[in-house]
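**Q** Kindly generate the complete structure, drawing on both the sequences and the hints.
Here the protein sequences come in this chain order: Y and V.
This note's numbering numbers the first residue of the first sequence as 19 and each following residue consecutively.
This note's numbering numbers the first residue of the second sequence as 455 and each following residue consecutively.
Some hints could be false.
Distance windows between CB atoms, simulated [claimed, not checked]:
| hint | chain 1 | residue 1 | chain 2 | residue 2 | range |
| --- | --- | --- | --- | --- | --- |
| 1 | Y | D229 | V | I465 | 50 to 60 Å |
| 2 | Y | I275 | V | F701 | 45 to 55 Å |
| 3 | V | D578 | Y | A227 | 54 to 64 Å |
| 4 | V | A476 | Y | L237 | 39 to 49 Å |
| 5 | Y | A240 | V | A657 | 51 to 61 Å |
| 6 | Y | A188 | V | H493 | 46 to 56 Å |
| 7 | V | G470 | Y | A265 | 20 to 30 Å |
Far from chain V, by Cβ distances over 12 Å, these chain Y residues were calculated [claimed, not checked]:
| hint | residue |
| --- | --- |
| 8 | G74 |
| 9 | M80 |
| 10 | T89 |
| 11 | G94 |
| 12 | F110 |
| 13 | V191 |
| 14 | L220 |
| 15 | A240 |
To be clear, the hints were calculated from the coordinates, so they are not data collected in a lab.
The beta-carbon is built from N, C-alpha and C at its ideal position, and this holds for glycine as well.
Each chain is listed here by its residues.
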Amino acid sequence: MSPTDVAAVAPTEGTAAEVAERGGDVAKPTLGPVAPEPEAKAAEHATHPYLPRARGLLLSEMRLVFRRPRTYAMLGFLAVVPVLLGVALRYFTSGGGGQDGGGLEFVSQVTNNGLFLVFASLAATLPFFLPMTVGVVAGDAIAGEAHGGTLRYLLVAPAGRVRLLLVKYAGLVAFCFAATFTVALSALATGAVLFPMGDVPLLNGDTIAMDEALVRALLIAACVAVSLLGLAAIGLFVSTLTGVPVAAMATTVGLVIVSAILASIPQFHALHPWLFSDQWMSFGDLLRAPVETSHVVRNIEVQAAYTLVFGAAAWARMTDRDVTC
Amino acid sequence: MPATLRTAGKIALPLGVAGLAAGAIAYGPSAFADDSDPHPQLPTLTAEQVVAKIADAKTETLSGAVKISTDLGLPALPGRGDTKPTGLLSGTHTLRVAVDGPDRQRVGIQAELAEYNVVHNGRDVWTYDSHSNTVTHTTLPEGGAKAALPGLDGLPSNLGLAATPQEAAKKLLDAAGPSTKVTVDGTAKVAGRSVYQLRVAPAQPGSLLAGATVSVDAETGVPLRVVVDTAKGGAPAVDVGFTEVSFNAPSRDTFDFKPPSGAKVEEKSLDKDGKNTKDGKGGKDGKDGKDGRFGLPDLNQLTAGLSGGAAPKAYGQGWGTVVEFHVPKGLSTMLGALNDKALPGTDKDSDKNDKGKSDHNGVAALLGKAGTKVTGPWGNGTVYTTRVVSAMVTDDGRVLVGAVDAATLQRAAAGELAPAPGTAGR
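**A** Below, the structure written as structure tokens:
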């Protein structure tokens, strides 16, 4: 088959594969709603040679991430965590939060102010639940396409490997924010229903007004979402190494656990500043007065570094990989 | 280009990026910091002049952030940083400090997702623990606020800790006697300000401490950083210094503390002798054992609990001081037996135990490891050594503690050290 033949054939094959994948269910060979999309894309492509193509790929990636039953299941699971936490604190705690608030942070404040459920829920889900869902989506990113047999079609279609990686990472970033804001919004709703809302005490005992506290909550949720980006890049890289999505997911989630174990062993303190999870709890600094930015900035630096390093590694692996399936 | 070469190049790229990122993270912040002049030119001063500068410091207003790192060789506890003042005994902590004269001070100890604040404003002293959402409010006696303050629970200085560089420097220089060499060791920058480096070191060997470096602000004479080194080297035992500092008066509302709504408030008041006159929670003795959360009672408590009334004795002087006290009969053998069994180590629940038990749990936890058996003409004993403190428990019920090596402790036990001047009565 000559190169021109490939170019001629590829779009139709790619479409079929895309359709199968976008449906979220490999068993179904075709699916209605997105079928017209490729034609529209092709028409756009004729007038704008570069940008719409990328946009089309990005849109279809977003659909792939956010139309999966699995994604809904994970987001639903994340949304339930604050509800459980809120109900437990409202109905099953005697004497309002216990003497020293138990093991979880912010819990002793939740019964006085529902907004603290947002902070408590983020603090409770950030160490494991959130990274776990990110690990699943990231691990699936490339390995899932390879496993489903759609990777080569994506690459034969004039998408390019670098652009595919960028689009996959963009999908992961979107998922990190979606997952975090699912927790935050669910916690906000639960907190508003179960507990009184009002002015919010900061960590040093000063009190700020409700609207300012909501702005800080928004910033904190953004901080938590950014905390997950390094892990997303690691997962993307792991995903390029294998054609078995479950292996990539398990490896990524395993790395989260390893990082948590290393962080809990004081003898490894020299290693701690280099862990991607080292500054995860820095979001609490946004609740101080004056706001302490050094750890938040440090967290962003660490996440950016992990994204660059593992993005480059994923690129090196991806552009050299023989895509056979 | 051959395929293998191309592949090698592609592997090199992520590694190169990793190296760059590591470099940027490790050295980046200091690259942006004001280190254009790491050793500023300052008029040459003698050690006496620098010490006089500290004594003459007129600064009454100050605010900034203090970073404390302690590595005393105590057992490092897994888990989150603790905000309680006792938590300062290990790890790295950030404090926000604001001072406006003798009547208004505020210290906030920051930990992950939590903070512990102490606010002193005239006759009111507030503490706020964000983790448990509890407030204590202590009313100081009229006119005698200053006298009563040292009796207050919860202030870091009452745990034998120096939470700010000024306190640390004051303790060091107060303790400096003929056994101490004080020299000026060049200049440096701390928190963006030019400082003189004052080196304080023991004159004789035998101490576990190598000495301390005090960084004194060239303009105001305020100590901005104190680093205490151990004789063994490695990380400093204590490193306390400002990371940012301003000598302008902090705004008044910094010291206006109102308990957040919903927080549990405990009311106390002190009379002129610093004793509690009433307890808000009827008989609940505020802090009893609470600070022993980590099984780390302070030395006064320990000696009071263990000596059974007999006054402790002290040998040597300055850096080499050794304190001796007696434990009730039988307890020392119990300690020996304890040493043979598994160590309670990091017993978090020691405050729930009865007093005596928590105390000797405290000794083991304080030292964090099994001791070594030693014998000499003075008898048999067990020596526990950390990076900064050695303790020896003898079988005849004596406990000797000091920032000295084991050999000096044994010399003290054998009576070879001269009693310390003026401290025998304590």
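**Q** None of the hints should be skipped; say for each whether it holds.
**A** How the hints compare with the structure:
no. : hint                         : result
1   : Y:D229 to V:I465: 50 to 60 Å : holds, 51 Å
2   : Y:I275 to V:F701: 45 to 55 Å : holds, 48 Å
3   : V:D578 to Y:A227: 54 to 64 Å : violated, 25 Å
4   : V:A476 to Y:L237: 39 to 49 Å : violated, 28 Å
5   : Y:A240 to V:A657: 51 to 61 Å : holds, 57 Å
6   : Y:A188 to V:H493: 46 to 56 Å : holds, 48 Å
7   : V:G470 to Y:A265: 20 to 30 Å : holds, 28 Å
8   : G74                          : holds, 28 Å
9   : M80                          : holds, 27 Å
10  : T89                          : holds, 29 Å
11  : G94                          : holds, 27 Å
12  : F110                         : holds, 19 Å
13  : V191                         : holds, 19 Å
14  : L220                         : violated, 8 Å
15  : A240                         : holds, 17 Å
Checked against the numbered hints given earlier, the structure breaks hints 3, 4, 14 and satisfies all the rest.
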